[in-house]
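Sequences and hints are given; from them, build the entire structure.
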Amino acid sequence: MQQKKKNRFRDTCLTIIVIVLLGCFLHYAQNHFNGYAIQIINLVAVNAILALSMNIIYGFTGMFSLGQAGFMAIGAYVSALCVLTPEQKEMMWILDEIIWPFSTIHTSFFVSVVAGGLITAFISLLIALPVLRLGGDYLGIATLGFAEIIRVVITNATPITNGALGIKGIPLHANMWWNYGWLLFTLYFMIVLLRSNFGNVFKAIRDDEVAAKVMGINTFKYRVISFCIGAFFAGVGGALMGNLITTIDPKMFNFLLTFNILMIVVAGGLGSLTGSILGSVIITVLLEWLRIVEEPMTILNFEIPGIPGMRMVIFAVALLVIILFRREGLMGMREFSWDSVIGFLSRPFNRNKNADTGKEQA
Amino acid sequence: MTSAMFIQHFFNALTLGSLYGLIAIGYTMVYGILRLINFAHGDIFMMGAYFIFFGTVSFFLPWGVAAVLAIAAASLCGVIIDRIAYQPLRNAPRISALISAIGVSFLIENLALVIFTGLPRPVVQPEWLVKPLAFGNVRILPLGLVVPAISFILVAALLWVVYRTKPGLAMRAISKDIETTRLLGVKVNKIIAFTFALGSALAAASGIMWALRYPQIHPFMGVLPGFKAFIAAVFGGIGSIQGAMVGGLILGFIEIMLVAFFPEFSGYRDAYAFILLIAILLVKPTGLLGEKLEEKI
Numbered sequence: 001m002q003q004k005k006k007n008r009f010r011d012t013c014l015t016i017i018v019i020v021l022l023g024c025f026l027h028y029a030q031n032h033f034n035g036y037a038i039q040i041i042n043l044v045a046v047n048a049i050l051a052l053s054m055n056i057i058y059g060f061t062g063m064f065s066l067g068q069a070g071f072m073a074i075g076a077y078v079s080a081l082c083v084l085t086p087e088q089k090e091m092m093w094i095l096d097e098i099i100w101p102f103s104t105i106h107t108s109f110f111v112s113v114v115a116g117g118l119i120t121a122f123i124s125l126l127i128a129l130p131v132l133r134l135g136g137d138y139l140g141i142a143t144l145g146f147a148e149i150i151r152v153v154i155t156n157a158t159p160i161t162n163g164a165l166g167i168k169g170i171p172l173h174a175n176m177w178w179n180y181g182w183l184l185f186t187l188y189f190m191i192v193l194l195r196s197n198f199g200n201v202f203k204a205i206r207d208d209e210v211a212a213k214v215m216g217i218n219t220f221k222y223r224v225i226s227f228c229i230g231a232f233f234a235g236v237g238g239a240l241m242g243n244l245i246t247t248i249d250p251k252m253f254n255f256l257l258t259f260n261i262l263m264i265v266v267a268g269g270l271g272s273l274t275g276s277i278l279g280s281v282i283i284t285v286l287l288e289w290l291r292i293v294e295e296p297m298t299i300l301n302f303e304i305p306g307i308p309g310m311r312m313v314i315f316a317v318a319l320l321v322i323i324l325f326r327r328e329g330l331m332g333m334r335e336f337s338w339d340s341v342i343g344f345l346s347r348p349f350n351r352n353k354n355a356d357t358g359k360e361q362a
Numbered sequence: 001m002t003s004a005m006f007i008q009h010f011f012n013a014l015t016l017g018s019l020y021g022l023i024a025i026g027y028t029m030v031y032g033i034l035r036l037i038n039f040a041h042g043d044i045f046m047m048g049a050y051f052i053f054f055g056t057v058s059f060f061l062p063w064g065v066a067a068v069l070a071i072a073a074a075s076l077c078g079v080i081i082d083r084i085a086y087q088p089l090r091n092a093p094r095i096s097a098l099i100s101a102i103g104v105s106f107l108i109e110n111l112a113l114v115i116f117t118g119l120p121r122p123v124v125q126p127e128w129l130v131k132p133l134a135f136g137n138v139r140i141l142p143l144g145l146v147v148p149a150i151s152f153i154l155v156a157a158l159l160w161v162v163y164r165t166k167p168g169l170a171m172r173a174i175s176k177d178i179e180t181t182r183l184l185g186v187k188v189n190k191i192i193a194f195t196f197a198l199g200s201a202l203a204a205a206s207g208i209m210w211a212l213r214y215p216q217i218h219p220f221m222g223v224l225p226g227f228k229a230f231i232a233a234v235f236g237g238i239g240s241i242q243g244a245m246v247g248g249l250i251l252g253f254i255e256i257m258l259v260a261f262f263p264e265f266s267g268y269r270d271a272y273a274f275i276l277l278i279a280i281l282l283v284k285p286t287g288l289l290g291e292k293l294e295e296k297i
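Line order of the protein sequences matches chains A and B. Reading the first sequence from the start, the letters are residues 1 to 362 in the numbering used here. Reading the second sequence from the start, the letters are residues 1 to 297 in the numbering used here.
Please keep in mind that the hints were generated in silico from the structure rather than gathered at the bench.
Cβ pair distances, simulated, as ranges:
id : chain 1 : residue 1 : chain 2 : residue 2 : range
1  : B       : Lys-176   : A       : Trp-100   : 52 to 62 Å
2  : A       : Leu-95    : B       : Gln-242   : 38 to 48 Å
3  : A       : Ala-157   : B       : Met-257   : 15 to 25 Å
The model shown is predicted, which means the values in this text are computed figures rather than measured ones. The C-beta atom is built at its ideal place from N, Cα and C for all residues, glycine as well.
Here it is as structure tokens:
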């Protein structure tokens, strides 16, 4: 018991140190890195939030949902509508006048992101009530359908969303502090959630829904809760992405976006928060790094023309390789813990000691 | 709306619907056997269109020969996809195969984008297919008659294969119980490959006729028709070939007629199919003609 308490204290200290180090790194990056690198660092955070939001729905509760892009679209549009000034909106809506409540709203950035998340969660609740009666791949197709419907509605609801023209000139509020702040909050929330009884119920539903039902769990209720929490963070991620890229239009939120996030979650490991974070770092950086193949290169005086689009081909092959040869992804269902890190780091030092006490530990 | 216009819309809808139906059959056959949504099916459809384009424009083949070659090539692609991306995952969780299918679909689309470039290509239409026929004041493209006719012949041929031949019998047996069928000595993987070949051939045929009807082809042309055809398959009852055709026709009629009667909502055209999907899933998840699928525990 004493040992456990001590460990917890140690873990908290280590976690705080890591967060402080992350803060120092971000501070350093902000002052010394160029805009492109900063953009990538920001994208890592936003992708991580989105991956976590998908992981809670799919990796932890076992609902194959492909509606992520639709939720992001709602979050991004709500946030953009909140954060723009009335004058800007009046200038931008050319095709149709912007209608009343939306034309006068003007909130701070934080409020706009929260509003984006909450409204997304509310709409996801409306979607969940009918759709979550389905299971398996039917659910995937139905949620995909909803994402498409959301996109079509946004394209056509010109008085609210400015239609296919999209919204431009969103002020770049989403700096690194906001993005990583939201990421930390998301991560903390998920850890607490998954350690609580909710987490156990989610995993029970994922592993065997019938058994969970037999145990007296109202599985439908918990599935809806998980779906809405995931949607909330997808909305937040979408809002941050909109504020980061500063331009949104309906075409942006197509199936490819969902696919990217799915790729991160699968590569990192379904049902592992650590995996989602690692996956988003690796995939985001890899996707940017792969731009090399699209640009002309010179190797030993040979000019190799860049192949536009090759990036996504490699990306798709990578997904296939992962799913065919390492289905559980990077982390499987394992999670990061300080115990394992310390155990791993101290292994070379006390190998001899372990040989003696090995039996006891086992 | 005059009756002449209605008749023209009717033939447009019949054409579109039978094209959806042909694609939907491939989805329904694969789903019936493997319980897998073959996301790459819409891309086979796209490749059929590209093969016919290159056959006629680059190699100057006559239309008939090019069409047969394109269909054969597309079937081969279907079999290769099954061998590489789906067969290793037969015993994996179904979701893994589904993700693999999404990966293959993206691979084909982006590969097509690299190889064929994103530029839309114009397909050469044979003269006699696009010269409108006049019946009184009704003007109909010969395509509007030829496409449904060919489609129905193909479906009839497929039904004959499935219900009157040995491989068809094996296919139906696999869809009931794959393990027992294997124990009875049927080469299951061969039959599944045969299923993919048949489905892909129909998708390619549909792609060729689509390219004739809407003569602009591009690497992403298969995405939306693919989704809609899947919806048609679900609507008609997944696993049922007749159901897929009926679902495709209904979807074609809904799309064309809603746009014809309510032009102000034409921006929502691509959403109709998805609304239809969600409605049918909620009211009758097994579709119009589908058998009840019991989830095994």
